[in-house]
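One line per chain: the protein sequences are C and X, in this order. Numbering-wise (the working numbering), the first sequence opens with residue 2 and increments by one. Numbering-wise (the working numbering), the second sequence opens with residue 941 and increments by one.
These are calculated hints, taken from the structure and not from any lab test. One or more hints might be untrue.
A few chain C positions that, by computed beta-carbon distances, are all more than 10 angstroms from chain X [said to hold, decoys possible]:
1. Ile25
2. Asn208
3. Glu216
4. Gln313
5. Glu314
6. Asp331
7. Ile367
8. Asn371
9. Lys381
10. Gln387
Now the stretches of chain X that chain C is said to cover, found in silico as 3 or more residues with beta-carbon under 8 angstroms [what the hints assert, rightly or not]:
11. 1236 to 1248
12. 1362 to 1368
Even glycine gets a Cβ: it sits at the ideal position worked out from N, Cα and C.
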Amino acid sequence: MSQITLTFVAHQPNRLIPYDFFKIGEHAFYEDDELNGRILNEVAERCYLPANRMMKQLIELTDGQFRFALVLSGVILEQARYHRPDLIDSFRELADTGCVEFISAPYYTSLGSIYQSEEFEQQVIEHCDLIEELFDQRPTTLWNTGMLYSNAIAAKAQAMGMTGIIADSNVLQGDDSHCNELFTAPLISKTKTLVRNRRLSNDLGANRVDPSWSEYPLSPYTFADWVRNEPGQVINLCLDYEILGERQADSTGVFEFWRSMIQALCFQDNTFLTPSEAVALLPSVGTLDCPSPVSKFPYGTLTPWNGNVMQQEAIKKIYDLEESVKASGDADMIHVWRKLQSADHFTYMDKENKFTPYASSFDAYIYYMNALADLQVRVKTTAKYQGKPIPSNLA
Amino acid sequence: MKRIKVLKLGWEFPPLINGGLGIACMGISRALAKKVDLQVIVPKSDASVHYEGFNLTGVNNLRFEDVERHENGELSYEYESFALVQQAPISLDPYTSIEGSEGYINFTHEGKILFSKVHRSDLELFQNNDDLYAGDLARKVVEYSKICAVMAQSMDFDVVHAHDWMTYLAGVEVKRATGKPLVVHLHASQFDRAGADARGWIYELEKYGMEQADAVCAVSKYTGTVASGHYGINSDKIYPVHNGADPVKVFRGKKKFPEKLVLFLGRLTAQKGPEFFLEIAAKVLEKTDNARFVMAGTGEKLRQLIETGAFHGVGDKFHFTGFLNKEKVNELLSITDIYCMPSVSEPFGLSALEAAQFNIPAVISKQSGVAEVMKGALKADFWDVEMMANQIVSLIEDEELYAKVVEQSTQDIQSSTWDSAADKVIAIYEKLLNR
């Protein structure tokens, strides 16, 4: 018998329009609303809505023995409010079961935890406020963008009153043997670190639909047996919600698989916990020292965000704007600036990234920088209009 | 005096092909046609377009039967120059610095057969919708030469005038077949495109054409020194003929941002010095924030330049537009404050004149032909990014200087007309014909 937490992350990027030079100073809307709306619609129909229905059924069928957690980014919630309010209602129904924990995250899926700690904190608070407004619960567990984790980030989580923070087993530096334990960061006492079981999570993710995988095709009962036989306190499974019906199409039997697997796990008397229940119930087994940031990417690297000069330049320039954007006091402008902090924009500038709406990483960079230039112009114009001194970094 | 009859051999020609060479050929043809009887042969023309004062024949519009009839007529002639063409590379692109090196065709064995006659398939080379520079360009050059030589024998003219290397072989062939004097026009050379060490098929053809020519029109004194210095052409037969600029409809657009706009316009190849423009931009932005830079155009260096811009930390002030059509270029010119042309080697640089028509002051490299006619422009060696950056900063900050440069440029463009270019060309014809 095992104790299990299951966390799904749902997020959709705000893709930008092909923002060319001639739009600078003239076109204040950077996002491709039409495209973003269309994709959200499609993914809602194929994934989010049927997945929510299935999860709700499983909770009801097991009388709440099955419980899980959801990370809904601020960005996807904004998109849903605008394009698909019924999606919010559907998540709300899950919240009403009392068996779903809503986890906090930087609202804009930003890299603030690395580049601007204060901004990071504000975005987590903004996200918690939104979750509370929509789902009547205040998050106490933190899921950082791309599972970025370090001692400093854990300390930040504690300062924000979080009882738990989720990290990828990359933080264990290749030794996965203790990934099913709870830890604490050095000098931290109030926030426990849950470590994602990368191996089992990946089996449910990419491996399940990979014909070259030795265990393909995976039976839900085999997987349930693996989980049941795992050592350790708690097995933390974290996956993108989009695997359900989107990245793994309905035709792969993904919904049937999950339905059977979760029922099998419940039937075998395993215990499902939400992350906040896990940290309340279980002790930390020791200190986990993670001095520099580690992500969910292979080997914990940050290079898909900041590995090349285009990404570095974009990140530098967007954070450089902070002072002057905030000085404007213009809520809309601050919101637009924060949306441009989304890590998605930087991953599109990664030359290796094949999942991109743009023709190339160079196009992604050019459109982004043009949009950013427009924002600079607006900041400058606003400052002039307000009679404020032009911020030193723009003067 | 009787009007001189001129056979002009061109490659690009608007409206089908609008490269810089085509614009120049049309400009000079229109002006020449006022004073000479002019016939032009190009590989491709739009049969529905008519030009005032001269006939334009596109090889694509010739009927094979006509070519064949000419070829088999009394004026039968053995092609001579082709004996020199031992081998030709398959992929050539006159707009990049790299000559294709793969897949050489060896003409030595079948050469005689290939060169002996114009075949139906040779004519078809020019009849599809492919880019004129696509595919086997060397073969197109050779076939064009044969066809021109055939056609020329039944045409009435006093002098043949060939534009750039693609037509030089044809020029030489026509000269051999008819005994008429040959003028070759050097708009751009492989030295400009690929640097001082450039050698290869194109270089050889340029050299051969200029050697065989009775006169070489270079688009600037600068280009003349390239012909004499790098091709060893006798400077006595080199005549600088500056390009003109057709008047354009000038308008002023409204810029949507407060900073001064500094523009680079051109293909992103080594010849145009785009890397220098980036360095200049970085230096300007160290001194003033009142500038935004635009690099308009595309080319082999685009991606590398984007990354270099990011590396210099100017990504938010340095914008890439990619390829722009003429309309967009004009829209851009209408909001541009300063034009910058840091070309490493620019035979002429018509775009600087076009910018001047838009009342834009220019900062240009001394290694450009247009520097000879733009007295008002600020000039520096292409590698002297420090100086160009200072000149741009001065134009941004010193309104008086700005006005002065614009005023002088306005005068400069008034004397840069195709009519005055045509007069110089006619003087060369007259000299060759002893008139």
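Now the hints, each set against the structure:
1. Ile25: About 6 angstroms separates C/Ile25 from the closest Cβ of chain X, which leaves it inside 10 angstroms; violated.
2. Asn208: 35 angstroms, holds
3. Glu216: 41 angstroms, holds
4. Gln313: 7 angstroms, violated
5. Glu314: Violated, because the least Cβ-Cβ distance between C/Glu314 and chain X comes to about 4 angstroms, which does not exceed 10 angstroms.
6. Asp331: 18 angstroms, holds
7. Ile367: 6 angstroms, violated
8. Asn371: 6 angstroms, violated
9. Lys381: C/Lys381 is in fact no farther than 10 angstroms from some Cβ atom of chain X, at 7 angstroms.
10. Gln387: At about 15 angstroms from chain X, C/Gln387 clears the 10 angstroms cut-off, so the statement holds.
11. 1236 to 1248: holds (count 4)
12. 1362 to 1368: violated (count 0)
Checked against the numbered hints above, the structure violates hints 1, 4, 5, 7, 8, 9, 12; every other hint is satisfied.
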